[in-house]
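> Okay, here's what each chain looks like letter by letter:
2 protein chains.
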Amino acid sequence: MTDDARADRARDGPGDAERLVGQGVDRREDAALLTGDATYTDDIARPDLASLTFVRSEVAHADIESIDTTAAESMAGVLAVYTWDDVADSEVPGVLPISTHGLDCDPPGHPVLARDRVRYQGQPVAAVVAEDRYRASDAADAVDVTADSCPAVVDQREAQRPDAPTLYEDAPDNVAATSELGDRETTDDAIADADHVVELDLTNNRLIPTALEPRAAVARWDAGDERLTVDLTSQSPHGHRGKLSTTLDLPESDIRVVAPSVGGGFGHKGHHHPGEAAAAFAAMDLGVPVKWTATRSGNYLAGAHGRDHRTAAELGVDDDGTLRALRVETDANVGAYGLGSSLGMPGWYGSLLSGQYDIPAIHCETRAVFTNTAPIHSYRGAGRPEANYVAERLVGAAARELDLDPAELRRGNQITEFPTETAVGATYDSGDYELGLDEALDAAGWDDLRSRPDRDDEGRYLGVGLACYVESTGGGMESGVVRAHSDGTVTVSAGTHSHGQGHATTYAQIVADELGVDADAIGVREGDSDAIPQGTGTFGSRSTITGGNAVAESARAVREKARALAANLLDAPVDDLAYRDGVFSAPAHTDETRTFADVAEAAYGWGVPDGMDPGLEATTFFEQDETAYTFGTHVVAVAVDPETGAVDIERYVALDDCGERINPTIVEGQVRGGVAQGIGQARYEQAVYADDGTLETDSMLDYAVPRSFHVPDIETEATVTPSPTNDLGVKGIGEAGTIAAPPAVVNAVCDALAPLGIDHVDMPLTGDSVRSAVRDAGE
Amino acid sequence: MTDDARADRARDGPGDAERLVGQGVDRREDAALLTGDATYTDDIARPDLASLTFVRSEVAHADIESIDTTAAESMAGVLAVYTWDDVADSEVPGVLPISTHGLDCDPPGHPVLARDRVRYQGQPVAAVVAEDRYRASDAADAVDVTADSCPAVVDQREAQRPDAPTLYEDAPDNVAATSELGDRETTDDAIADADHVVELDLTNNRLIPTALEPRAAVARWDAGDERLTVDLTSQSPHGHRGKLSTTLDLPESDIRVVAPSVGGGFGHKGHHHPGEAAAAFAAMDLGVPVKWTATRSGNYLAGAHGRDHRTAAELGVDDDGTLRALRVETDANVGAYGLGSSLGMPGWYGSLLSGQYDIPAIHCETRAVFTNTAPIHSYRGAGRPEANYVAERLVGAAARELDLDPAELRRGNQITEFPTETAVGATYDSGDYELGLDEALDAAGWDDLRSRPDRDDEGRYLGVGLACYVESTGGGMESGVVRAHSDGTVTVSAGTHSHGQGHATTYAQIVADELGVDADAIGVREGDSDAIPQGTGTFGSRSTITGGNAVAESARAVREKARALAANLLDAPVDDLAYRDGVFSAPAHTDETRTFADVAEAAYGWGVPDGMDPGLEATTFFEQDETAYTFGTHVVAVAVDPETGAVDIERYVALDDCGERINPTIVEGQVRGGVAQGIGQARYEQAVYADDGTLETDSMLDYAVPRSFHVPDIETEATVTPSPTNDLGVKGIGEAGTIAAPPAVVNAVCDALAPLGIDHVDMPLTGDSVRSAVRDAGE
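Going down the list, the protein sequences come from chains A and B.
Per our numbering, the first sequence starts with residue 603, numbered consecutively.
Per our numbering, the second sequence starts with residue 603, numbered consecutively.
Don't read these hints as lab results, they were simulated from the structure.
All the pointers check out, no bait thrown in.
The list makes no distinction among identical chains, and a pair is therefore deemed to hold if it is satisfied within one copy or across any two copies.
Calculated pairs, EDC-like style, for lysine to aspartate or glutamate (alpha carbon to alpha carbon, straight line, at most 20 Å): (1) 1163 with 1225; (2) 1163 with 1212; (3) 1163 with 1215; (4) 1163 with 1089.
Build the full structure now, drawing on both the sequences and the hints.
Given below as structure tokens:
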């Protein structure tokens, strides 16, 4: 908080005891979400609504020879069957835009419908629009695609071999981009000098986003207004507007994107997919509204996947436990096409390889590699879980090699001065890493857990692990509008879009405190690209930092304008006004008072002095220039059954520090959700492709999302280190659990299996993989 | 235009030759309106849409004894039948708010459904909601209302007699309000001193708005968002939001009003009616969306009517034609209930009684009188046609009495100095009344028309008449938002709402010139209360003045921000930048240039210098402090058949001066439409009530709206006297024709019939009324 903000708070508003910020008030959005009253995209019904279904490629890599749509077109209720030729004839680009910044090649973007060649199984080849979904689905089955299959490659290391199939002529060895961070020479020297070098070859398993609600869009073209409206399950309505503008060659001013309630995002609803573009294309072509809702299998085959790193990593450590250097070489699978900026994404991950530690030399080389698999894009955590898994597994392995308490090794290397710039260029803003570690260890009873016997009475191997983490949060611009109406009620809008995060509750708390009005008088609206100037969206743990500070700043501006209006109404100098509990007074001048509602009414009518504009609202574009770094320590205790490979998480303690907490209950909810997802990665989830590019995990029967009984009780702890980067002092918390949990769980399991001489078991730690490791160890 | 604006224009933008302002560019909205692509409220369809129909009172004045809804409720498809008891049980106010400012009594507002008593025929007594309109209508017929009729009164003079029925106990003699303007004593003295006193008893006939689209609303309650959305055929979305907020006791932040295309307004779509409130009430109660669309007959019975003045007026004139004094006593029928501020409306009319003339003494007393008729509210012109009819008929009669050329009498009394404050307190901003008169006379060939014989070859009496007028235009606050998107396209929004006026074209012209971008890149959006902070609406000839200046001011602010951003991009001092044809350059510093689109992209991303907010938009609340007075002279030549009473308008010349004309074609269209409506009042339209309060003109069979062949060719002329009250120099033109046409037509007919000794025939000049006058004169 700035000094000005502190001074304002001293003069105005409720006392600290009455502030809403910091209280775990109930989420106002839950009633609708829990009772079914919320409207999701697929709930939208219109009498004339047509349905679009994709014909998807059954093979992973093929040249399309012909597409026979005759039979489908003649079926009852079919309005149109589209192929790439129709898109080309219409002269719209029809290609999802990608950023080619930093690429080694210039790949075409993802075509809405396949153009000559398909490059992954499930890629849309044709689109059928019919009067209802059943007819569309039947007709899609009747489309006859003749394709000449060619060899496929699904692994990013195999894809770089000379004999591998080529996806794009101008991408030799299928490499889309290479990036380097840190200094190679210094790092090589330091590794050579270190007393010990710990090496690991790590797989960060490929994940598939499993939001409760699959992707969906309803597009309609208003011929009168010449305007496209797309209802879309979106994390970023303005972002989607911009991308649809490019794909369809329509001005942004002619597009409105409305995001209703969104049933989970995890990143893949921030990307632009063929579905919404095809629905919009069809709606404009046919003049009827068109709905497209992905099937679960369609979402699995062709939604963006996450992670999929193969990493060779070495950590140089001295005898006394001092970390000397980290050398990392990562092959990142980016799938068959880029989506948005996805081909450049591997570059983001390196900057967090330093974790909480003072590692003087780090070098990271990353190759983004095309394969015949679904496109990869950001998935909750988006590069940070991959980085933290490398750092924390190496530190865990080093402790084992040096026979040190892993907590002590970490403590000895933690960064203690802030701000600090790491060897990979990240500038950590604030933190107390040692306090966080200590509190987590205390809460878990670290020493007691460490002193347990190797096996329990049932013969299960007992282990304990921990992972520290640092997470870069926030970034970019966000807009926040605070608008007081003439009756004194307030509408708050922002360019973020909550899809579970509880912004309506959080923003209302922030604005209620800043404005000094009751939270019940504050409505929060998101998700309409028409409603506010511009927005960025909800991803990257950014909403409270960027959207929260934007609405806070707007609320302060509204309060100051209200003060000036009140001064005019009370005929008193503005500096002599007091504002408490929503009432302006000027005790030195008059016994009269004016409520906020009085002032709001006057603002739109008779109460505006000369030289001041009417109205009572403010729009803020908050720009986060400096990244806020959340951090924490998670401790896990496990019991591993050597017979079945079953891993029982007996304790899970999460200590997280996201700076000031607007609503601690919501923060804890975010931590729990993230940890559940991190446990999913560590133990269950894995997208499996056969060598020919067939996705073997294309349904929930084969892709194992953890169910509620797979997730243990999670004990949440917190420290609070305000961020100096923003007035609210907040940092993001939306992804922390996905970053901390995987290495914490794997470290614990590796600790349990240490007596068997097992150094490393990689994710996911399924019963099968653990049992295999035990069997390989000779048990 | 201010000097600053002139300086900006010299430095920036296209040269005058290329400016769009002043050009009659085609209306961009016409294609959709003419081809049926536009969406009107009744076009809105939803699968679960229920239909609401009113049960209306068949009698004009009665106590309700009982309402039996049993039969209706049991009919198939009926969802609910509501009476006042249901509204009362729900504890919402259920009463349309009125302003009681200046009233002599405190009448209750109009209840959504009748409460104990009905006071006019057609008043809603019950509402039936059913699955479709047919079922709702059938069930409405089955509602059994038992009522005890009492005597009714429909004439505002009879209503003030001691034996008249009483509508409200606290309104003695049924007088709602009395108002006075001007000085009584001075006026009485001047009348007594004048050489001649011309007296007329005038009726300003009661009119019924006949928009192509009747009133309609679609209301839906979003239980998830706890929010009411009402699609409404509205001239004022924000105004309706505020009134619905009061009627339903919902915060404004929980209401969204969206006005789709509106098929004509004429004032009665600016008022709050029971229909939209009842639809909203039902939607909230039932949890399904509810549509209500008035029947034509329902609209005629219970929409707001217009005019209905009875006036006794005297004009004092000296022998030399000098106007000395005007004394006016008006009984204004306000119907059975007030709507909004309607009960106070008669007070507005007096301030224009001075017309274009320097009349030193004026006194006007107005009584607003309740009767058992539909509520009266503002109807295109809204008090000004009533005032001008009084002034111009008296001046016409005075010319006859003094045997002067009516044009000369007018010229001798015209105001020539500006600004001028009249005896009734209006301050005229600018004008050249004599020039306007001369140009109109020249265009019409006044002297030739005057010198025609009394009768033509067919025996028809020939006449020529004229009317000058002054119209107060604009007023109040309006908001205008100009938002540049990151692709350089622009969205313009305003709180006005076009319902035929062509704002999309006009505003795009204004903003294109101010911003220096192509009009095709500019989209104009109105009609969504969520889209902008606050708005006032379209009525009172206010949109171009208030909305036009608001968007112009916002566009200038956007241009200046773009200039600052461009200076940063070009690394040149902002004052050295030139801006032409949408391109910023700094020739003294660099050969590089930046387009407006380049700057817009930078505004949302990487191109924003420290200390400047991202984004490229501006919101202006334009407040019109001083009224702009449009003026003009209309000349009419007629031939009157004494056998049939048929009036043939042989020439109609309209000269209007509305200051700067953004789009002369649209201005002319407004003039033609207004004149057509004025001819409708002068010759055809009249709401007729029987003594028992039965509306005898409750359909288009009985209420005579002029058809296209009833409207003559209208020759449009213009002078241009910019208004000093606003930067654009504009005045309103939406209502001028309705103000000028009625007295011009009546003066011409009275001139034609002068040889028969007929001094005055009142409106409407139907064949019947003219023939009666001729017969009474002994022909």
